[in-house]
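Chains as they are written, first to last, in our numbering: chain A, 1 to 310; chain B, 311 to 600; chain C, 601 to 882.
Watch out, some of these pointers could steer you wrong.
[To be verified] Below 27 Å or equal to it, Euclidean Cα-Cα: the simulated DSS-like pairs (lysine-lysine) are:
| # | chain 1 | residue 1 | chain 2 | residue 2 |
| --- | --- | --- | --- | --- |
| 1 | A | Lys117 | C | Lys609 |
| 2 | C | Lys609 | B | Lys370 |
| 3 | A | Lys214 | C | Lys609 |
| 4 | C | Lys604 | A | Lys214 |
| 5 | A | Lys23 | C | Lys602 |
| 6 | C | Lys612 | A | Lys214 |
| 7 | A | Lys23 | B | Lys410 |
| 8 | A | Lys23 | B | Lys414 |
| 9 | C | Lys783 | B | Lys487 |
| 10 | B | Lys467 | C | Lys696 |
| 11 | A | Lys209 | C | Lys604 |
| 12 | C | Lys602 | A | Lys214 |
| 13 | A | Lys23 | C | Lys612 |
| 14 | C | Lys612 | A | Lys209 |
[Stated by the list, open to error] Stretch by stretch, here's where chain C covers chain A in the computed footprint (C-beta under 8 Å, at least three residues):
| # | region |
| --- | --- |
| 15 | 40-51 |
| 16 | 80-91 |
| 17 | 138-151 |
| 18 | 279-285 |
Quick caveat, the hints were computed from the structure, so don't treat them as lab data. By construction, the Cβ of each residue, glycine as well, lies at the ideal position given by its N, Cα and C atoms.
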Amino acid sequence: MNTTGEECKIAQKTSGIRLLKDKMAGSVMLTFTLVSVLLVVLIGIGLMIKSMPILHEKSLWELLCTSKWKPMRGDFGFLPFILGSLWVTIIAIIWTLPVALFTAIFLTENSRTWVKKIVFPALDILAGLPSVVYGVWGILVIVPWISDWLAPHFVEYSTGYSTLAAGIVLGIMILPLLISLFVELFSSVPRELREASLSLGATRWQTTKYVLLKRTFPGIVASVTLAISRAMGETIAVLMVCGNIVQLPESLFDGCYPLPALIANNYGEMLSLPLYESALMLAALILFVVVFVFNIVSRLILRKLEQKLM
Amino acid sequence: MNIPLLNKKIKWYNRSDWNETELKKGFFRPDQKFCTDDSRRSNIVVEHLNVSIQENLILKDVSATIPDRKITCIIGPSGCGKSTLLKSLNRLLDYTEGVKVAGKVLVDGEELYAPGVEITHIRRKMGLFSQRPCPLPMSIYDNIAYGCRIHGIRNRKKLNMVVRHYLQAVGLWEEVKERLHTPAGRMSIGQQQRLCLARGLAVEPQFILADEATSALDPISSKTIEDLFLKLKEEYAIVLVTHTLRQALRIADYVIFMYMGEIIEAGSAEQIFKNPQKELTQKYLAGVFS
Amino acid sequence: MKLKFIEEKAVKGIMLITTLLVFLFVGSILYTIVKNGWRAMSWEMITDLPGGGFYIGKEGGLLNAIVGSLYIVGASTVLGLAVSIPVVFYLNIYLKKNAKRGSIARLAYDVLFGIPSIVYGAFAFTIMIYFGLKTSLAGGIIVITLLIIPIFIRSMDEIARELPQDMLNASYSLGATRYETIKVVVRQIAPGIATATLLSIGRAIGDAAAVLFTAGYTDNIPTSLGQPAATLPLAVFFQLSSPIPAVQERAYAAALILTGIVLILSILGRIITNRFSRNKIQ
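Required output: the full structure, derived from the provided sequences and hints.
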């Protein structure tokens, strides 16, 4: 390049400015990225600091494994809440897993295009509905159904606000997530594999059973883990139908009190008791750790699998 | 040439006034807008280039010279590193993870892989022409004006001249002059490929790097492109990676035969096709493997 | 031999049933919400503030909650986009494909995405106390912004990852810098980004747990950032826990409004994807 024309000078000058802009935009973006990534660390540390006071008072083991919850007297036993969370989540997963699995298989393996065109928007709606709406629906439909129809067959009396109701509502909430994860998983299996099996004379279901499900088993486990971590943290809908009774749940028709509900119901009001606040923060920390571990484990499995299938 | 990042005295030109006077005097020529110095143009020299991607050695000690104003065809079986060689001439490998480059690439005597090289102005000298046409997501007009705009030409009248000039150069003007402002994605594949060529030419490159530029096209469109190349070689150095030997036979002046990441033989087209020296080249040309 | 075909038939039946079950849920939820919400629905629900005896069943509407929700979601969408768009472009254009740093960052966003909104709420509330803030519009905006950023980033990143490398190369080979390349590829992924944004807004507007103790609740429309603000999900939640049937009815109306907003957002998202892909290259 020579520098005779005026235009060339402009090109050179602007070239410097352009590179500077590029560099600056890059560092601004990098800052934003770093800050947003650091949010994870920040939340973890914040919760840890806040839950320190109660961990100083009592051992973690004692907190997690006793069931006495009398904050005014200084008894903080998290067991009812942890069990409540566990039961609700387990019920939700148990009934949604087969439903999601079969629906996903139907969508990827057996259905025609027009079926997909109807089912996917329906799933989108299900995924997009606010949790409060699920709660309202649970109160209006599931709770009366349990107290009037289902419970009388098994127990003498139930209000309907129960572990079972929470499990059912929660299940429907994670259904679209599970189905979309499964559909993605199954579509990543190469077509040739299925054709190879079908050409050996296997039926479609045999192909699904022996090729698809076997091949994607780690992925299915990972997806379920992800769904569990999502289910553990769901607050409002569960809170509205679970009954909110501090007890070790004895039957499915009893009320329960999961961890998120504990935080939602009490936080913000009970700050006069520092230990109580700290206890609630510990509950948030437990949720955070569970979600963190489950998420990382499942994402790592999914990523490995993705690389293997590629 | 190194451009200082922070020039202490940046003189601000009042661009619009200046452009007007230039236009009135009739100084502006759409094909010489960057005042490229013709006396300094020369060839690309590749010296002992080693490229590895994720620990796999893709190019092994490659040395070659790419002459000016000739069509150089790089031939060889698939996976032999042809495309990688092409991309390394342009430093597009920068955006792939795990790439290690050792060796030298000299473009007009400028070392491409030296630290602190300002790559954008070297890239401007090399038009890339990819396998599948890749129009940018904007109108036909903007596709061609884009390169000029980023290099500082914003005057509407000048841009009009540039767009017209280069669309005529690739024989697309008559076909699209009515719909310059429709999205480029709506053109046919052959037209898109010529548009990409026009877009590349509009920033006044000295080299054209084409990666199997005709493999996605129908025979008629690819004939058009080949004819264009034959015309363009009077002004540009063209590097063409190709799968089809027949195409190389038709248009190549100079041929580089690669196998397993190494240059087996290089020379003028006549010499390689009529009288290959190496056994591998003979076998490849005879169609023993491909 | 025969067993295999019986099994095939049975499984097919089960699949049909489960798929229908999904439809049953969608239908049942929408039907219940519309049926119950419609009874209490009226013009004044949308246009009026709660009157004096609103919470014992007298006149008034939900305007406070509607406006509060829109304020919070509007402001946090702007803030969230301002943070997440640069991040998405950094991950996809400034970083190399499959770069290690990128995958660590993506893992972090996955974790952030998975953190329950109640934890965000509790965390944001501690920060607010630390800075001496009370429950306010500002608090709600901060927490929803925190909540919405990972959603934005994840959904936009999914779309940006499909950018063809050829297109980036085409721009680079003209001598464009990465910053200038962003301006080009924006046109390619803009419809996708718009859709992702709308869907994320739908999630943010429906989230109750995060605003529960950060935004507070009030019968008025907030006039400054320091005042508390009502939100629709909380309007549903609080009114439903009232013992008076007339107030509960209004909770259903609020739920209907909320559902309506979310559905409209998702339909808008679809329209944008279909209509505004003019310049997109297939």
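Hints, one by one, checked against the model:
For the hint pairing Lys117 (chain A) with Lys609 (chain C), the CA-to-CA distance comes to about 24 Å; that is within 27 Å, so the pair holds. About 59 Å separates the Cα atoms of Lys609 (chain C) and Lys370 (chain B), which puts this hinted pair outside 27 Å; it is violated. With a C-alpha separation of about 21 Å, the suggested pair Lys214 (chain A) and Lys609 (chain C) falls inside the 27 Å cut-off, and the hint holds. Only pairs whose Cα atoms come within 27 Å are accepted, and Lys604 (chain C) paired with Lys214 (chain A) is accepted, the gap being roughly 18 Å.
For the suggested pair Lys23 (chain A) and Lys602 (chain C), the alpha carbons sit about 69 Å apart, so the restraint of at most 27 Å is broken. With a CA separation close to 19 Å, the supplied pair Lys612 (chain C) and Lys214 (chain A) stays within the 27 Å bound. Note on Lys23 (chain A) and Lys410 (chain B): the hinted pairing holds, with a Cα-Cα distance of about 23 Å set against a maximum of 27 Å. Restraint check: the Cα-Cα separation between Lys23 (chain A) and Lys414 (chain B) comes to about 26 Å, which is no more than 27 Å; the hinted pair holds.
Annotation: proposed proximity of Lys783 (chain C) to Lys487 (chain B) holds, straight-line Cα distance about 26 Å (limit 27 Å). Restraint check: the Cα-Cα separation between Lys467 (chain B) and Lys696 (chain C) comes to about 38 Å, which exceeds 27 Å; the hinted pair is violated. A hinted pair counts as satisfied when its Cα atoms are at most 27 Å apart, and Lys209 (chain A) with Lys604 (chain C) qualifies at roughly 12 Å. The hinted pair formed by Lys602 (chain C) and Lys214 (chain A) meets the criterion: a straight-line CA distance of about 24 Å does not exceed 27 Å.
Taking the CA atoms of Lys23 (chain A) and Lys612 (chain C), the gap is near 58 Å; set against the 27 Å cutoff, the hint is violated. Simply put, Lys612 (chain C) and Lys209 (chain A) have alpha-carbon atoms about 13 Å apart, close enough for the 27 Å limit, and the pair holds. With 5 residues carrying a beta carbon less than 8 Å from a beta carbon of chain C, the region 40-51 of chain A meets the three-residue requirement, and the given coverage holds. Under a criterion of three residues with beta carbons nearer than 8 Å to beta carbons of chain C, the stated coverage of the region 80-91 of chain A fails, only 0 such residues being counted.
Chain C is given as covering the region 138-151 of chain A, and this holds because 3 residues of the stretch bring a CB closer than 8 Å to a CB of that chain, at least three being needed. Counting residues of the region 279-285 of chain A whose beta carbon lies closer than 8 Å to any beta carbon of chain C gives 3, which meets the minimum of three for the stated coverage.
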